[in-house]
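*Asks:* This is what each chain is made of:
Number of protein chains: 2
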Amino acid sequence: MSLRVGVDLGATKIQTLLVADDDSIVARKRGTTPVTGGPSAVLAAVKETIEHLLVRADQPASAVATIGIGAPGQIDVAAGIVLQAVNVAGWDQPVPVSEIVGDMFGVPVALANDVQASIVAEHRLGVGRGRANLLGIFCGTGVGGGLILNNDLWLGTGAAGEIGHTVIVQDGHRCGCGRNGCLEAYAGRGALEQAARQQHQAGRPTMLFELMEQQGRSRLTSRVWLDACLQRDELALELIAQAARAVGTAAGSATNLLDVDCVVIGGGLATRLGDRFLNDVRAAAQPVLLRSDVASQIVLSELGDDCGALGAALVAGDRLSQR
Amino acid sequence: MSLRVGVDLGATKIQTLLVADDDSIVARKRGTTPVTGGPSAVLAAVKETIEHLLVRADQPASAVATIGIGAPGQIDVAAGIVLQAVNVAGWDQPVPVSEIVGDMFGVPVALANDVQASIVAEHRLGVGRGRANLLGIFCGTGVGGGLILNNDLWLGTGAAGEIGHTVIVQDGHRCGCGRNGCLEAYAGRGALEQAARQQHQAGRPTMLFELMEQQGRSRLTSRVWLDACLQRDELALELIAQAARAVGTAAGSATNLLDVDCVVIGGGLATRLGDRFLNDVRAAAQPVLLRSDVASQIVLSELGDDCGALGAALVAGDRLSQR
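Which chain is which? The protein sequence lines are A and B, in order.
Our numbering numbers the first residue of the first sequence as 1 and each following residue consecutively.
Our numbering numbers the first residue of the second sequence as 324 and each following residue consecutively.
Please keep in mind that the hints were generated in silico from the structure rather than gathered at the bench.
Hints may be right or wrong, so weigh each one.
[Stated by the list, open to error] On the chain B side, residues computed to face chain A include the following (Cβ under 8 angstroms):
1. VAL358
2. GLY360
3. ALA364
4. LEU366
5. VAL387
6. LEU472
7. LEU476
8. ILE486
9. HIS488
10. THR489
11. HIS496
12. LEU558
13. GLU561
14. THR572
15. ASP584
16. GLN609
None of the values given here were measured: they were computed from a predicted structure.
All C-beta atoms, glycine included, are put in the ideal place defined by N, C-alpha and C.
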């Protein structure tokens, strides 16, 4: 049996999976992304997480055929280099991820865009099975997107899928990317945290930051948002509703333009919040959609937290076996 | 020589072309779309315009092999029926256009969505020649869109391309379609006329309606808008700038999502206003685009007023020759 490792390298966590020949998941291990120390600290944490994964599965490193890494930001897929990942602390310069991780394990490594890997996984093994045309909207620290058209990943001239940076409010909120009115400025966890901090500092009561400290976090994770919503924290409910509305507006607009079979809503925030989030997204999309019967085609990711890492394993397996 | 007739059936005008085997244009004739009398009056005007076209080209009806009609609104292409065209007066019920016009001339007739026909024409014979992936944004009474992906018209599950009804301002202006914040509510001539009337009635000076009357029109045509802009009418300049900004925002967002090679800006308004409009569109798209070098890929339609009718002739020729 040859095993594939999949890594989803996020701004807050490192999710790793060991994947068998039949695409089943053999083991999982999650690590935390270091917020100091830059790329070398992050890649050391990747190494450690994969080592723990192999221990957990009771497998030697020699059983691993390929490693696939899904990463955010701008990526040179062919060269295996993350050019820039603004949401990951200290990754403002190019990092040759494939080479470094390849040397660590003596195994071929392929790099993929994290959300592109995610939509490939949903298409092949998740909620998008049997659908030819899919749009994925993944709400994490930022908002990423991926497109499958005619059963293939759609890249355009190379950079397609960026629904997080489509404008939903002309002259709207400032986005982390420096533009105005992007979906990400309303639905990315980074933007939501910034808005929560501002309102909290201005005197608005919220338990968000207490929960964060109780959970030993330095950021408002998806879990913190969920817990605050479950306890009916007003500010949390308001900002999450804003995020869902923004995602629904963008999903509706993109459906009017592309008329895909299915829009997959995923990422940490959507996965944690689940159906309550989905229902708000659908309710916001409904008045935008030209065809009134298609809001039900907006669905939650089926693979949840496994999505990115599984997709990275699949993409790497495909690409490296073609060599 | 077998000739094809192409008809662009718009809310304000009926543009007809006679097209030769080599896709060159043999003759043109333009008629006015009746605003009273409903479908029968409009189709009688189509008949008359085609008859004048044939007289102008000195050709008998028997020289015509096919007629293609591009129409706005919801269309059942296979059945040749316009289901609904809200921008054409009285077309709120299904009209079997192919059958009626076919009986008039004893020639096979094919119906196409007007903007889909337009982007096919630009792809095959216009500014999109040699580009595999194109988005067309056509500003007329409404704002239509068409997509070419991998050299084929992209229909999704059947209704793709509706960039006019993508949201550029969440909770924004009311659109003629009943939704809020659509591109069409900012850049369609119908919305622009409504805004101009409201401001004029509220006391704001403008020469728009004088020009309209001088030109014997009951609506603010693209020519009226152009003339008012040329005379530096403040309200006209302001509303046209709003329209161009809206188109640029939508063009930028769609490029971030699809990363097409080229965005073609067409339709009566863009064709009349030309480079001044294009430059405003590009300026508005620039701050939205993730790739800063691609604003120049937003270009004006090369076929202008011929675009829709030429595309209808091409699409009909293709489809009817396959029978």
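*Asks:* Each hint should be assessed against the structure and marked as holding or not.
*Replies:* Checked hints:
Annotation: interface hint on VAL358/B violated; nearest CB of chain A at approximately 25 angstroms, more than 8 angstroms. For GLY360/B, the shortest C-beta to C-beta distance to chain A is roughly 28 angstroms, which exceeds 8 angstroms, and the interface hint is violated. Interface hint status for ALA364/B: violated, as the beta-carbon distance to the closest one in chain A is roughly 28 angstroms, over 8 angstroms. At about 26 angstroms, the closest approach between the beta carbon of LEU366/B and any beta carbon in chain A exceeds 8 angstroms, and the interface hint on this residue is violated.
Look at VAL387/B: its Cβ only gets to about 34 angstroms from chain A, farther than 8 angstroms, so that hint breaks. The interface hint given for LEU472/B is met, as the beta carbon of that residue sits about 7 angstroms from the closest beta carbon of chain A, less than 8 angstroms. Given the 8 angstroms rule on beta carbons, the hint for LEU476/B is violated: about 12 angstroms separates it from the nearest Cβ of chain A. Interface hint at ILE486/B: satisfied, since its Cβ lies 5 angstroms from the closest Cβ of chain A, which is below the 8 angstroms cut-off.
This hint holds: HIS488/B has a C-beta 5 angstroms from the nearest C-beta of chain A, less than the 8 angstroms allowed. For THR489/B, the interface hint holds, since its Cβ comes within 8 angstroms of a Cβ in chain A; the closest pair sits about 4 angstroms apart. For the restraint placing HIS496/B at the interface with chain A, the shortest Cβ-Cβ distance is roughly 11 angstroms, beyond the 8 angstroms limit, so the hint is violated. Given the 8 angstroms rule on beta carbons, the hint for LEU558/B is violated: about 20 angstroms separates it from the nearest Cβ of chain A.
At about 15 angstroms, the closest approach between the beta carbon of GLU561/B and any beta carbon in chain A exceeds 8 angstroms, and the interface hint on this residue is violated. Among the interface hints, the one on THR572/B holds; its C-beta lies about 5 angstroms from the nearest C-beta in chain A, closer than the 8 angstroms criterion. Of the supplied interface hints, the one on ASP584/B holds, with its beta-carbon coming within about 6 angstroms of a beta-carbon of chain A, less than 8 angstroms. Taking 8 angstroms as the C-beta cut-off, the interface hint given for GLN609/B is violated, the closest approach to chain A being about 10 angstroms.
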